[in-house]
Structures are given as structure tokens and as C-alpha cells.
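Number of protein chains: 6
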Amino acid sequence: MLECMAELHTLTKLPRIGWIMAGVPEPESVSDHCFETAIIAYILAQQLDEPVDMGKVLAMALFHEVGEVRLTDLPRRSSPYVKEFKREAETQASRDILHGVAENVLPLLQEMHELKTVEARLVEAAEELQIITAAMYYAKENRGDISEYRRDAAKYDALGIEPARAVADVVKKRLGEYLGDRPYWELGYSRNATLPDTE
Amino acid sequence: MLECMAELHTLTKLPRIGWIMAGVPEPESVSDHCFETAIIAYILAQQLDEPVDMGKVLAMALFHEVGEVRLTDLPRRSSPYVKEFKREAETQASRDILHGVAENVLPLLQEMHELKTVEARLVEAAEELQIITAAMYYAKENRGDISEYRRDAAKYDALGIEPARAVADVVKKRLGEYLGDRPYWELGYSRNATLPDTE
Amino acid sequence: MLECMAELHTLTKLPRIGWIMAGVPEPESVSDHCFETAIIAYILAQQLDEPVDMGKVLAMALFHEVGEVRLTDLPRRSSPYVKEFKREAETQASRDILHGVAENVLPLLQEMHELKTVEARLVEAAEELQIITAAMYYAKENRGDISEYRRDAAKYDALGIEPARAVADVVKKRLGEYLGDRPYWELGYSRNATLPDTE
Amino acid sequence: MLECMAELHTLTKLPRIGWIMAGVPEPESVSDHCFETAIIAYILAQQLDEPVDMGKVLAMALFHEVGEVRLTDLPRRSSPYVKEFKREAETQASRDILHGVAENVLPLLQEMHELKTVEARLVEAAEELQIITAAMYYAKENRGDISEYRRDAAKYDALGIEPARAVADVVKKRLGEYLGDRPYWELGYSRNATLPDTE
Amino acid sequence: MLECMAELHTLTKLPRIGWIMAGVPEPESVSDHCFETAIIAYILAQQLDEPVDMGKVLAMALFHEVGEVRLTDLPRRSSPYVKEFKREAETQASRDILHGVAENVLPLLQEMHELKTVEARLVEAAEELQIITAAMYYAKENRGDISEYRRDAAKYDALGIEPARAVADVVKKRLGEYLGDRPYWELGYSRNATLPDTE
Amino acid sequence: MLECMAELHTLTKLPRIGWIMAGVPEPESVSDHCFETAIIAYILAQQLDEPVDMGKVLAMALFHEVGEVRLTDLPRRSSPYVKEFKREAETQASRDILHGVAENVLPLLQEMHELKTVEARLVEAAEELQIITAAMYYAKENRGDISEYRRDAAKYDALGIEPARAVADVVKKRLGEYLGDRPYWELGYSRNATLPDTE
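First to last, the sequence lines map onto chains G, R, S, W, H and V. Using the numbering used here, the first residue of the first sequence is number 1223, and each one after it goes up by one. Using the numbering used here, the first residue of the second sequence is number 1223, and each one after it goes up by one. Using the numbering used here, the first residue of the third sequence is number 1223, and each one after it goes up by one. Using the numbering used here, the first residue of the fourth sequence is number 1223, and each one after it goes up by one. Using the numbering used here, the first residue of the fifth sequence is number 1223, and each one after it goes up by one. Using the numbering used here, the first residue of the sixth sequence is number 1223, and each one after it goes up by one.
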């Protein structure tokens, strides 16, 4: 049991890599991301008409990055190189970490991935909302170049969770105000070398 | 709703003051403490024979420091000066922060304080376990002088949550091994000036 | 004697909480605040026509946060919850810390609080000036969202210390220039839930 | 050209993940690792009897982590989950990053991987030496629990680069002295859940 | 040999002082500056028509701050007080550090200083380019007040290395865009007290 | 006046370089060193039989590093290269910084340097005591390899300030206890290449 706790403790040490790439000083940890996702999901749930299984919601939110204990937080720009196997790797890592201690989390992660239940949609909506609110706080506090996150705010999908959409609208507006007309240059984020072997 | 989320976001910025006092570089935040308390409570719950209301357990763990958003994390050494009013201040602050957004958390905090239900005892046992495991990790990693926490490990009370007691025993042993025979000098932590007006 | 020194050493570890709340990375410590208050008071004193007792001025400046050794730096937003007892707590803590080692500081802290002597007004004017110059430096360096401090600069009271007023005018102007027209949103700083029991 | 420079600049932001996992505060960056690998290779080369192509050696050392710009530094514990595709992903990422700007680095990385030339063996020996000297410095400075690195020092392979072996012997001895008899507990580093699908 | 490596390891600990003065949180280290200078020199060299001795170029770039191991990175504002003896001190320090281990670096540093060979000009152009690109990244990421570096970009001298000039033109433009119309106040950077003994 | 304040503000940004070299994470700033020197001098003065001019004592303590605003904190290992001109450079820098604002500090710095008055000896004794107590705190908190400071404690000279000697004796003892029998290897700190031109 302590082994598993100690592994999950690692999440408090791992910086969210996107903020590192954006030059944010002292960025949030993966555990902070999970904590706030849970808090946001809880708050959103209060505004829903449907009943939700709160134990499930909070467990999903808290454990949804468990695979990062062993794989760390990979940046978006890694996507073209890892997308094929990343999900399988995460699933296996999660299984190894929780083995014999908290295995009932595994089906919850699967449920979250499938986005069919209200709980899954709520947590997913909360997770994405956490990301754009974090971007808004960083823009407000001049921490890093987070102009790229305008796009995340713009394409935010509330997955039918209405209060999430309402909050996201305010966040989008405020983020825009804080960023002002700063130029956005995709410095080092993407290059499209069309190479035969990536096809 | 966003106001409340933004206030709770503050927890990711507040360092746990005990570790600051102990000279731990880059100490965990209050949000990390809450995140791990929730994780530990979840894991311990898997080993209990009694059924527990997991939504309640995780909500208690996640929100139990909500008052610190406005009061910050006060160190133990403040206790003689603030103990009379601290709890009332926390209660009021929690009420103001959650007002109109997540007020159903308030009775959970009261329940946790009373330590009568299994959920309350579980979260409390998890919280104290989080503290001594954090001490153990810091001792392991040579971060700060945490020799004072030997005492916390020694007097750990599992509140009847048997798996918590079992883990705490291992933690106590390992903490002792990592600290070795380092001298413990209560440098600046306590002084007992008996002054008329403190009585 | 070493106990007292070691306690006061704690001031070098405590971050000024206002800057933490404002998202300033690597904010100044309480000791930095005291150091600069002393430096500023010294410089202002050179421009005064009245003679000042410099030993008293510098001692006041250096020791004026001594209570924070045990109580830490509480944020403004704690004010509604702690204002009634905070001053008494600080006085007691200061007494315990300096007991038998530097008790002659205690009447100086009292004198500073009463703002009657020129030395007290000078140190108080210097302290507030330190706060708005720090805000100006942070605005200049893009560290955190310190737009709230526009208000501190606007309502600066030099307490009759003319050179302080002159410097504050420049600081106010520069702070305004650095902040530009950034929106100020009191994110998480205040909420006015009128609750019966706070009255 | 600036795009490529800006991407490689990312290496100065990426922490070496092994030290993060080990709880080292303010750990070295990937760029520091590359810088020191180059420095060490240069110094070792002075002691070799064979002539080496120094331009090749230093270029290999400086660019050998180029793929991490997009993939970041993956920890050892990720190995069971990523080993099959990691090398291919790195190769592709390196190609995309250096495309049209410094493509002549690519065959050097291939050469380094094959360990056939003296230059390749020298850089590889320097890289591993950098890791164990870093561990020694951290042990000396009490930064993190690096007891795991005793094993890296023990199994150090100089690949025939004699001066590297000589330095490694001293490093191994000093590392042992600094670590003393600290217990080594593989906290969170490995678990052997034999699962059908990992075979 | 290990002594020399350990001394050069110090470069990874030394912050570039100019960024400290500019209020940049978590600024780059001297080793990062050297690493990027080498990387940039390598990239620029690919675009040159003349052949260059790459071993020499990279060694110059990597070792050009070796004297700072003992003298640290002195800020520009120290110049009036130290300029007479600084170069001699650096030369001596470099000699002591590399003594008996990598003395063939010393003539390279002399060559770099004289700026006569293409290798020397290339590394010097790369070094200055590293400084203004770093300023551009910091401006982009809102880290510190780097408005002073507009001047560095404006007076950039490519020393005949044409691709360096081309990149510098883009950097200058982008730096200007990121800085916008922020006021530049030479806060604390220079004062011209004409004193007899400085003449 | 604000220019001078802003320059002195720089002292809060400058790390004490000795601790950087020793691998101390988040080391104290120059301003922290000055603050504690002043505090210690104040406390020691309470135990002296002789009267002291406290305004002078505290001003000396607060301003004694003023030259570092422009020269930064040079490490011990720079001594062989800079000792001839360092003092003159500091004097000139101090004069430029304080010019027209607080010039009456200059004779105090001279007085402190001459060590003739009780105030000068008191501040000097306090400054050295600050250094060894800082070393003791770092040893206690496992921050960096400060074993070198055993020597500073051993050769501490109280300059006739008896209470300083008494405290230093306790510090020396505790420092020894915290360091235990850790090996001391002068890694990178000194090398005695006897070179003709250093004579």
C-alpha cells in the first residue's frame, strides 16, 4: 500500500510540461492539475440537474493522470511521435501502479475515456476547464507566453455540461483581455517536415 | 462560480508552512496536501470492511483546508496565540468562500471536525498519515531538518482505521532510519516565557 | 541569545504573502521587507530638517515584523476574520521571542504603533513606501498581477514626512506606466457575503 | 534557422527527470547535461593516445538529446512501456527539428548509437560519467535521495576509454563516502506486477 | 582531471547576472549560455561558404567563460570599477583551472579574444546572438524587465558572419514586438557621479 | 533618491555566492545577510557593558555590502585574482551609489574597515557570526555541502566582543554535530598552480 502511495506522491513533483514549454516560472504540478480538476468537477456538479455519483467523479478526477507517475507528462508536440502507443502505455502503467491496491480505479479511467456517462463528461469538461483557467491565471500574472492557449479556450467543448460552458465563456473573455494584442509566434512548437516515414 | 474556483486555486500557491519553517526547499503546497490526503483516504478505504460514502470522503479531503484560502496555513508555533479564535475564523472564511456555490461542503467540514462517522475518521487518519509520509519523503531526500516529525510519527493515532495504523508503523520505522541519530535541537520552535497576560 | 537569533532567522524564510497571492514568482521575504524599510527610512531621514534618533528608527524598522516569526505574514483578505485579536497576538508573540534578550525593542514597537513621534512616522512612511516601490519593481519586471497595488499607491499617506511624499509621487506615476491599462479583476480577493455572525 | 535555435533552446528549460524523481531541488537541465558531457569528453580526449575528431565529438555531445525537445526526458521507470518505440520516435523528432538547418548532425547521432568509432565511445563514456559525477555532486550537497545511483557507478562501463575508467573509480569511491550507510529503499521506482500483456 | 571537471561543473550553478539584475525569475546559467552559444555557432557554420574548424569553434564556445568558475559573472555595471584588471584576472583564473588538464584551450581563448580568424568571429557573433535571442525569449515570456536589451539588439555586430546578421534582424524585430511600448527607465543601472579618482 | 533606493533594492536579488558554490538550494540573499548582521549586532549590544551608538551600528550593518550592488558578491576563490583592487572598487562603487543621497554612510564603512571603535568591532563580529550561524542552519537543514565552514567556525575571532564569542562557541559545537563525520573534499575550491605571473 505504501509503495502505491509513494508512487502517487510522484505526481506532486512532476511539473505540467506545457507550462514549462511556455516559460511559466514555478508552474503547477500534475497533482495541482488533478486537485483543481476535482474541485471544479465538484462545483460544476452542484449546478447540474441530473444526479451524479460524486465518489466516482472525484476518483476519476484525482486518478486520471496516474499513468504519468511512470511516463511523466508528455507535451503536445510529442503527439506525432507517440500517439499510436501512448494510450496503451498509460493503461499498462496505471495497472502496474494500482495493482493489488486500488484496482477499482481502472474501470473508472476506462469510463472517463469513453465519455459516455455524465460523470465521465463532467470530469472531462472540468479537466479542460482547469487548463484554460490555469492559462487565464498565468496570463493575468504575466507568467510565461501562454498566447497559444487562446486556441484551447476558443475550441473548448463543454460536452453538454452547461455550467462548464458558462464559466468557459467568461474565462475566454478574460484570457483575451489579459493577453491583449500580444503577437503569437509558434516558436518551436511545430514544424511540418513531411517525411516519408511519418506517413 | 469562477470567483470560488479562483479562490480555491490559491491553495496551489500556498506553501505548507511547517515545511518552510523546517527549511525544506520547494515544499509541497496546501493543494498537494489535500490531493494526497484524498488519494490516501481512497486507498485506505479499499481495505476497510465497512462501506464508506466515497463522495463524502473525497470531498472532505479535498475541501478540508478551504479556510486557508483567506487565512493561509498557520504554523504550530502560532497555536498559543491563535487557538481560541482560529476555528471560528476558519469556519467563517469557509462559509464566505463557498457561499452560493458549494455550501453543502460546510456540513462535511463540521462532520470531519467531530470525528464521529467512519468517513470523518478515515479522512482525519489519512490527513495525519499524509503528514508523516511527507516527512518520511523529505527525510529520505535530505530536504530540511524534519527531525521534529519523529514525534508526529510516534504519536500517530489511526482513529480505529486499521490499515492506516499498519502503514503508519512502516512509515515510523523508515522515518527513523532516514533520520538516523541526527541531533534534534528545537531551534526557534518553542519558548516558554511564562508571562502574566498569557494566562 | 542564539534561540532568539534563530527565531529571527525565520524571517528570511517567510515569503511576503501578498506577493504570493498576486502570483509573483520568487517573492521577497519578510526580512527583505524589513531590510528595505530600514534602508528607506535611513535615506529619508537624510532629507529631514528635524533631527531623528537613528538607532531608534533602524531598530523599529528591523524589528517591526518580529511577531511574524510565530504568526507568519497574514494576507489582507484575512483581515475580517482576525482583526480583533491579531494585534494582541503579535504583541504577545513579540514579547515571547525577545524575552530576556532584546526586550527594549518592545516599547519601540508600541511607539511605532502610536505614530506620535517623528521616528515612528518616519518608519511607518518608509514601510508603506517599501510596499509600493516593491509593487513598482514587480510591475516593471512583469512579476505577478500587482494591479491591486495601484490603490495602495493612490492612497499613500506620508504622515508628514515630506521626502517620502515626493518619492511616492514618482513611484505612483511609474507604477501606472508599467501597469498600463491592464484590466483589474479582483479575482478571489474579496467577497461580500453578508452573514449574520460576522457582524 | 531561428526556429531550430528556438527549439533547441527548450533544452535549457527541461529538467533531467531522474533528479526530479529523486527529489533533487533545482535539478540540472538537459542542456546542462549536454554541456558537461561535451566538457568531459573534451577533457578525456586530451588523455587519449589516439587522435579524435574533436568537431565530431563535441557535436555529438551537444546534440545527443535533441529528440527531447519534443519528447522530453523520459524516466527509467518508463522503460517497460516505451522501449519498443522510443528510439524511433527520437530519431524522427531529431529529423524534424534539424530539418534543413543542421541535418549533418543526424548521421553523428546514428554513429554515436552504434558505438563503433572512438568518437562515439568517447562521448558515450563521457555521458555516463556525467551522470555519476552529477550523482556524486548531489550526494555531496545532500540534494535528494540519489542512493539508487550507487548502482550506476558500480556498473559503469568506460567502453575502452581508459581515462574515463580512472575518473569513474574515484567518483564511485567518493559517491560511496558521501552516501555512507543510508538505507536504500526503492520507493516507487519499481513494481513487478507480472501481467500477461507486458510479455 | 576530476578537480577540473568539478570546477567546470560550477558553471551550471552560476546564474547569468544580467538576468538577475533584470528581475528574470529562474534565469539561465552560465553553462546554458555556453551551450546555446555552441549550438548557435554550429548552426551558423552550416550556412557559411568558408570551411571552419568545428572542433575549434565548439571548444571556444564551450570554454569561453571558464574564468567565471572563480570570478563569477560580473554585471555590466561593474565595468567602470573592474575593467582595467578583469581580463588579466580571467586569463589567470582560466590558466589555473585548466592547468595540466586542458591547457590547449588557453590559446583558443586568446584567439577568440583577437577576433581575427573566422572561427573567432563566428563564436563571438554566436555569443552575442545568444544574448539577444535569450532577451527575446524572456520578453516573449514576460520574464523580467529586459527593455534594456533593445539596445543590444540594435547595435548587434555580426562581424561579417552573414547568417548571424540575418537571424539577428528577425530577433530585433520580434524583440521589439514583444516589448511593445513599455517604458524604459534605467532603474539603478547607471549613475554618472564624476569623481576625481575615477579618472 | 529613488535611484539610490532602487539600486539598494538589488541587494535583495543577489544570492550570497558562497552558498551557491556550496550547492545550497534557494540560498539567502545579500540583503538577508545584512538584515541578520544588524539583528545580531543589536542583540549582542544588549549584553555589552560599554555604551554603543546604535544608529551607527545598525547603519554599518545595513550598508556594509553596498558596493555589491554594482560588483556583486565575489566568492573566496576569486581572492587571488582580485584582492589588489577589490577594496578600491568597492569604495568607488559605494561612493557612486550613495552620491548625494546618503553620503554620511561612507565614513562609517571606512570606520568599520579600520576595526578601531567598539561599533566597528561589534558589527564585524556580528557579520562573521551571521556567516557561521547561517552555515549551522544549512547543515541542520541538509542544504548543500557546507563542511568547509567548519574552518570559519574554528577560526572565529570575536574581536573582544565577549557575548559574540559565547554564541560562536555554541554554534561551532552544533555545526560539528550536524556535519558529523562527513568527508570534506575541497572539490573545485582551490588549486595551487604556481605560476610566475601570480607572484
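In case anyone wonders, no lab produced these hints; they're calculated from the structure. From a predicted model like this one, the values you see are computed outputs, not experimental measurements. Some clues are possibly wrong.
What the hints assert, rightly or not - Okay, the calculated bits of chain W under chain V, using three or more residues with CB under 8 Å as the criterion:
hint, region
1, 1265-1277
2, 1362-1370
Unchecked claim - Ranges of calculated distance between the beta carbons of each label pair, as one might list FRET restraints:
hint, chain 1, residue 1, chain 2, residue 2, range
3, S, Glu1336, V, Lys1377, 45 to 53 Å
4, H, Pro1273, W, His1335, 44 to 52 Å
5, W, Pro1273, H, Lys1338, 20 to 28 Å
6, G, Asp1271, R, Glu1399, 38 to 46 Å
7, G, Glu1248, S, Lys1377, 48 to 56 Å
8, W, Pro1273, H, Asp1391, 54 to 62 Å
9, G, Glu1248, R, Glu1399, 25 to 33 Å
10, W, Leu1337, H, Glu1384, 34 to 42 Å
11, G, Glu1248, R, Glu1325, 54 to 62 Å
12, G, Ala1388, S, Asp1403, 24 to 32 Å
13, V, Gly1398, R, Pro1329, 52 to 60 Å
Positions of the beta carbon are idealized from the N, C-alpha and C atoms, including for glycine.
Hint check, failures only
1, 4, 6, 7, 8 and 11
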